[in-house]
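Asks: These are the residues of each chain, in order.
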Amino acid sequence: MKAEGATTDGSLQPLLKVESLVKLYVKRNLAGVREEVRALDGVSFAIDPGATLAVVGESGSGKSTLASCVACLENPKSGSICFDGRNIVAISERHRREVRPQIQLIFQDPANSMNPRWSALEILIEPLVLQRKMNREEMKRRAYRLLDRVGLPSEIANRPPTELSGGQRQRLAIARALALEPKLLILDEALSAIDCSIQAQVANLLMDLQTSLKMTYLFITHDLSMAAHLADEIAVMSHGRIVEHAPTEKVLRQPESETTRQLLKAMPKMIRPALPEMQQ
Amino acid sequence: MIGFLLRRLRHALFLLIGVSVLAFLFAALAPGNYFDEMRLNPQIAPETIAALRAQYGIDRPLPMRYASWVNSLLHGNMGFSFAYNSAVAPILMVRARNTLLLTATSTLLAWAIALPLGIWSAEHFGKLPDRLLSWGTAALLVIPDLGIALGLLVLAVRSGWFPSGGMASVDFETLSVFRQLRDMAWHMVLPVSALVLCALPLLVRHVRAAVADVLNAPFLLAAIGHGIPRRTLLYRFALPAAANPLISLFGFSIGALLSSSLMVEVVMSWPGLGPLLLESILSRDLYVVVGAILFSTIFLVFGNLTSDLLLYLADPRIRTESSAR
Amino acid sequence: MTARRSLTKWFVALCVMHGIVVCAGFFAPYDPGGQDRRNPYMPPMRLHLQDARGQLHLRPFVYSLKLRDGSFDQYQEDQTTLHPLQFFLSGAGYRLLGFVPCRWHLFGVENSRIYLLGSDGYGRDQFSRLLFGGQVSLLAGLLGAGLTLVIGAGIGSVAGYFGGWRDDILMRLSELFLALPWLYLLFALRAFLPLAVNPLQAFFLIIAVIAAVGWARPARLVRGVVLSAKERDFVRAARGFGATGGYLWRRHILPETSSVLWTQAAILVPQYVLAEMTLSFLGLGVPEPVPSWGNLLSSLQQYSVLVSYWWMYLPALAMVPFFVGYLGIASSLQEREQPYKVDRMGLGSLT
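In the order they appear, the protein sequences are chains L, A and C. Residue numbers for the first sequence, in my numbering: 1 to 280. Residue numbers for the second sequence, in my numbering: 281 to 605. Residue numbers for the third sequence, in my numbering: 606 to 956.
For the record, the hints were derived by calculation from the structure and aren't laboratory data. Computed from a prediction, not measured in an experiment: that's the story for all the values here. Mixed in with the good hints there might be a few duds.
[What the hints assert, rightly or not] Example chain C residues on the side facing chain A (calculated, C-beta under 7 Å, incomplete):
| hint | residue |
| --- | --- |
| 1 | TRP770 |
| 2 | ILE774 |
| 3 | MET776 |
| 4 | PRO786 |
| 5 | THR883 |
| 6 | LEU905 |
[To be verified] Dumping the calculated DSSO-like pairs for lysine-lysine here, alpha-carbon to alpha-carbon at most 27 Å:
| hint | chain 1 | residue 1 | chain 2 | residue 2 |
| --- | --- | --- | --- | --- |
| 7 | L | LYS27 | L | LYS140 |
| 8 | C | LYS614 | L | LYS77 |
| 9 | L | LYS17 | L | LYS214 |
| 10 | L | LYS27 | C | LYS614 |
| 11 | L | LYS214 | L | LYS265 |
| 12 | L | LYS133 | L | LYS183 |
| 13 | L | LYS77 | L | LYS133 |
| 14 | L | LYS140 | L | LYS77 |
| 15 | A | LYS407 | C | LYS835 |
Where is the CB? At the ideal position from N, CA and C, for every residue including glycine.
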């Protein structure tokens, strides 16, 4: 279910506007020499409310760093991230804590993103506990509603995530992310660790949720075919930079950068869009 | 490789300096010093004591004392022992040599026994001989080190087979070189046995575990599939692969052995750093204490340096990572 | 699940043994300080069921020992009087658990003294001293280990969580402490504190010293766990929900360290008991007349005792069943953590 055109609800302001984002890592390799790695080298893009932007790239291109920065888990060296008109890089930690609930991150590996020692219920209510806005009973009710919404049976509430299947775990992670009713959902390779057969189910769930809850998605992946299926626009990243950013159809049919062409070539022949130079 | 060595040496130096500062601080801040004991002695005039204190600079501020101590250290002078009334360095050298003799012999012997025993045990993993050995090492492991040392001493004394202490018999000077060596070896049997018995159970268990891990590794199963003979398998394939944890174990075992040797030396009256440290502590002989601690640290640091170097030579991964820039 | 069962087994065994030591007053026939100068260095008495005339008795008994004529330390059994073993008799007063006054003892003999493990130079019953000594040594080990783990966990958490200069300084400090052979460090620390203190002060002093020596290794282990836990996605997710550092540490990171801490505890307690024994043996620990397993052995430093009075060595073995128990717990804990790995004897937690 892709949105038609760029703006869906008439507002002119993009929900997320990233400008010239730079993020450096200083690593010390085993010989003791300092190395500076430019994970993000001047990244800029914008997402309109209700739309889905897919950021595609290979490992090491900086996609996960981008996710962390937008989710306020890491601080960029320079640049700005404007969420709903506010630059969240420049504000204090306390203010940022207020903004954080509106931007939620779903991680790649659901086995890792939830504490294996906790039960599903404890995991679900954790965000509510931290926000301290409702009492225990309300939290539990909200948790069961969330389980229902993602299609999980309520019996699993008392089980730890290790007893669930991969697909169920990711649904639980999605339910947890929805607890605070975010506006922006960042999916960091969220479908990559699930079996192919289940991927479609979870993807469809995500699409349904997007329409019913009016959320905006930033979808990070290395899989161009998945991005093609789910996103309105695709941005291709390479070495910390965005090398191409255009609506999905255009990226697939008229790729401009070499990176995009390489990614397209890597797609299985059957789903590869028919490009002039790809015709053998 | 030179780069690696230099870096490890620099690290070792830092450790030695740090330890010397710590030791000096503790010693200097200790309540009571040698002269308090002297003061209790009515035969020594207070002026004498004051003069001695000035001579040894006891009343100068700490950083100055440390600085002058380091300065003389670099000139080979390790301070003055109040109790022995002589320079510290010669006393320490003799004692350190004795400790080194004991510790080095015990380390070599312990590893010489533990390696083959551990490998053999790993080969027969889970079967009866291995289980018997496990029980044996467990039995040894649960007896406290003090118990082992004292037990050997009681046995020796009641049986009369071995001397009950010391490093040399009374008539040592009069013996020929050969007999001197034999006498020293005879005196060494007990302390060395104690140390080896203290160290052996853990060593054997770790060797067994490390080799057993390797023996189960896919690459070794592939080698067996290729029909490589058993001896080659063990010593040219398995052992080098197990070298990494074993060398780390070697570094660790030196520290443990040095500690145990402190206790064994005191119990069996072996004239090493141990009894010296104890005496000088009880008589508050500052420079001897610091010197003894420094020497023991030097041994440990160099032992670790050796094991680092061995690791560097044995594990190609460390070499490539180190040279990658 | 067998790992869990064996863990319970060991734990129960340890509790029983500790329980016996805690109720030392009940299990020991005499007060540990009770001297009997007429019977110095008496060897252990043997329990008999059959007397000299060949008659069997239901109740085991002992003969009192009298000095052999012409010797000053050779004893022989005086077979004229039998002293049957009595159970649950009333004897010297003591305080159960430190505050309940009590006079019941598990066993003893009337009109005489029974020396199950012999007596020392002052005629004090070694068996009673062994049990009471255990209180001191074991408590020192447990408290010391507890203190070390608190210090180590604290320092390791700070170093691992905050990183940066705090991590650098703390880890350098821990390296310094690890660079010294621990017994040397222990001696040095102990001896640089006042030597002549009363038993209670000495007790707490050596606990502090032992704990100060051993914090480095647990700290490094905890730091490792904290470093990796900090980067786990569920911790990052919690931060995304607005969690503060304190919450993260308390609810997510600290529980991850629990297994390391328990394993370290099982390994450290016996080591610390041994440290206390060594210190007390050399006169740097708990002083007379308070018994501890270490100072019970200090008479062995005299040649004469070493040669003639072999039973004075026995307290050295008192630690053995406890060692077995703690070691058993340590290996079941390790099995629980890594059930599929080859039985490793604590390589990960000792190095």
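Asks: Does LYS133/L pair with LYS183/L here, judged by a C-alpha cut-off of 27 Å?
Replies: holds, 18 Å
Asks: CA of LYS27/L to CA of LYS614/C, is that 27 Å or under?
Replies: With Cα atoms ~48 Å apart, LYS27/L and LYS614/C exceed 27 Å; violated.
Asks: Checking hints one by one. Is THR883/C an interface residue toward chain A, by the C-beta closer than 7 Å rule?
Replies: holds, 6 Å
Asks: Is the hint on TRP770/C kept, meaning its closest Cβ partner in chain A is under 7 Å away?
Replies: Result: violated, 16 Å to nearest chain A Cβ.
Asks: Need the status of pair LYS614/C, LYS77/L: alpha-carbon distance at most 27 Å?
Replies: violated, 56 Å
Asks: Hinted pair, alpha-carbon criterion (27 Å max): LYS407/A, LYS835/C. Please report holds or violated.
Replies: Judged against 27 Å, a Cα distance of about 43 Å means the pair is violated.
Asks: Are the Cα positions of LYS214/L and LYS265/L separated by 27 Å at most?
Replies: violated, 34 Å
Asks: Please verify whether LYS27/L and LYS140/L have alpha carbons no more than 27 Å apart.
Replies: Given that 27 Å is the threshold and the Cα spacing comes to 43 Å, the pair is violated.
Asks: Under 7 Å is the threshold here; is the Cβ of ILE774/C close enough to any Cβ of chain A for the hint to stand?
Replies: violated, 12 Å
Asks: Quick check on the hint: LEU905/C CB to chain A CB, less than 7 Å?
Replies: holds, 6 Å
Asks: For LYS140/L and LYS77/L, compute the direct alpha-carbon distance and say whether it is at most 27 Å.
Replies: violated, 40 Å
Asks: Is LYS17/L within 27 Å of LYS214/L, Cα to Cα?
Replies: The given pair, whose Cα atoms are some 18 Å apart, holds under the 27 Å limit.
Of the numbered hints given earlier, the model fails hints 1, 2, 3, 7, 8, 10, 11, 13, 14, 15; all others are met.
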